[in-house]
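Visitor: Residues per chain, in single letters:
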Amino acid sequence: MIYDFLFKITDSNIIASIIQSLLPLFIFILPFALFAVWLERKVSAHMQDRLGPMRVGYHGALQTIADILKLVQKEDIIPNEADKPLFNIAPVLVFIGSYAVFAAIPFSGAFIGSNIDLGIIFIIAASGFVVAGILMAGWASNNKYSLLGAMRSAAQIISYEIPTVLVVLTIIMITGTTNLQTLSEMQTGHFWNWMILGGPKFGIAKFIFIPFMIINFIIIYISTLAEVNRTPFDIPEAESELVSGYHTEYSGMKFAMFFLAEYANMFAVSAIVTALFFGGYQSPVGYVGNLFGIHWLIPIEQFFWFTAKGIFFVFVQMWLRWTLPRLRVDQLMTACWKYLIPIAFVNLIIIGLITVL
Amino acid sequence: MKEYFNNAWSALYTIFVGMKITFKHLFVPSVTIQYPDVKLQLPERERNRLYVNMDDCIGCDQCARACPVDCITIETVKGIPGEDLGKTSNGKKKALWVTKFDIDFAKCCYCQLCVFPCPTECIYMTDVYEFSEFERSNLIYDFVTLTPQEREDKKNNYAKFEAEKAAEKAAAKPAPATKPIENQETPKP
Ligand code: SF4
Ligand code: SF4
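Taken in order, these protein sequences are the chains called A and B. All residue numbers for the first sequence refer to the working numbering, where the first residue is 1 and numbers rise by one. All residue numbers for the second sequence refer to the working numbering, where the first residue is 1001 and numbers rise by one.
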């Protein structure tokens, strides 16, 4: 819909698609990152009985903008012994990886970057890009801590991709679609149609699904948390062990790129969880637009619900970060290979059997 | 097998316990204060920047001698006879002009040892602790209330007085009978 609109005003499909591809970055990711960094600091502060940033703007609301201004002014330092081309490409690659994910995320009924049928599969594939970028950054920095961080990150992301994919597979088995837009449209109506509550089809199967869906949700939430390298799974950038892991050597705008990618990633995985289990952009209680017959209001409302759900899950990620201590490497691997993957497999088989029956 | 599920369950359960605790703390009023706007009440015997009340200082140099790091420098000149230097608040008569009273707070270790020997209790600790500077030389505080001109004057006066006295002594040796009486009256007005 947005694309058609842009096509109408610009009269050129190249310009229209360029604008459309930049839209999520400028109207969503950048403001979201500004907000999320501030939120993170506020949440962490209040959880520790502090106040956090208070001086720039109302309750420090403009703090992130001040930080960005500082980062822009910083000198861009490249270590002498670094592998320069790789070192420069790595942050861009990491950001591309997390930005590509946004192409297939349905923000509202009217706006999805690219409505591809393989939506969720594409997202999983594109997020694999990030690993390459992180490894590149760690290797090119020529610093043992960076390399260690990058190695850990690669090991972690690759292992945790398995439970994620297994859970996604169960959803695909139930709904029979990998298109996130269709998936969201299926969960329309009220919150009892959401996948976490068994999906839109009413019947005995729906109620049998509920406990498995909740387990599925927990598994995918934990494993996506590990994929974006957030505490308690932040061993790739464990400050107390590795300085700050793969981005130790970066400064200025390149560091900001990593940072932006991290927050974009946080929202991306929350958005995936939302789209798969919590109705995507669908409102839990119905639309004001439908009530009064104002139809152009519905996509806006949908956008609101989507961001609200996404930001809620981002908040939970922060909440977990300031609650749990970091896992050890062996605990990390145990959690994945001994707990998440077998449970996800059993879930997959049971749900498969139920759908067949 | 049972242990496996117990582990999984206790991991999940304890996460929720922890989350409950942190969530409660979200609404606990903060224990920190907004420092530059709000300040903590300092204890009564806090030791911060020194202050010297020059009206009471008699220039006895005791504080400078007590200081373990020698960060107080005092220079004094005697008042010439007849000059009124005023009194301290506890009634002592001042006899010396203090022409230099510098405390180098870059060296000061805030031990308070200089405070106790002072006979007139005019050097004491204040509650000012925010006095950082960009230049170390700015931390040398000059407490003397006299203007530089006055300081020079006092020094010159005394030097002149000394010189006069020396001259007088030299003159008085051959004829000690008459002159001193005359001389005593001259500086009076
Ligand atoms: S507080 Fe201690 S170091 Fe400072 S001036 Fe007094 S005697 Fe010297
Ligand atoms: S001890 Fe007191 S009176 Fe004596 S020089 Fe120091 S400040 Fe002045």
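Please note that a few of the clues may not be correct.
Chain A regions said to be covered by chain B (calculated; three or more residues, Cβ under 8 Å) [said to hold, decoys possible]:
no.: 1; segment: 40 to 48
no.: 2; segment: 175 to 184
Far from chain A by the CB rule (all over 12 Å, computed), these chain B residues [to be verified]:
no.: 3; residue: TYR1004
no.: 4; residue: GLY1018
no.: 5; residue: VAL1069
no.: 6; residue: GLY1091
Simulated from the structure, these hints should not be mistaken for laboratory data. Treat the numbers as computed from the prediction; the structure is a model and nothing was measured. Ideal Cβ placement from N, Cα and C applies to all residues, glycine included.
Visitor: Hints first: check each against the structure and report whether it holds.
Guide: Comparing the hints with the structure gives:
Counting residues of the segment 40 to 48 of chain A whose CB lies closer than 8 Å to any CB of chain B gives 5, so the stated coverage by that chain holds, three being the minimum. Only residues whose beta carbon comes within less than 8 Å of a beta carbon in chain B count, and the segment 175 to 184 of chain A has 0; fewer than three means the coverage is violated. The claim that TYR1004/B lies off the interface is violated: its Cβ sits roughly 8 Å from the closest Cβ of chain A, which falls inside the 12 Å cut-off. At roughly 4 Å from the closest C-beta of chain A, the C-beta of GLY1018/B falls inside 12 Å, breaking its exclusion from the interface.
Chain A leaves VAL1069/B outside its interface by the beta-carbon criterion, the shortest separation being 37 Å against a cut-off of 12 Å. Consistency note on GLY1091/B: stated as away from chain A, and its beta-carbon is indeed over 12 Å from all of that chain's, at 51 Å minimum.
Taken one by one, the earlier hints fail for this structure at numbers 2, 3, 4, listed in ascending order.
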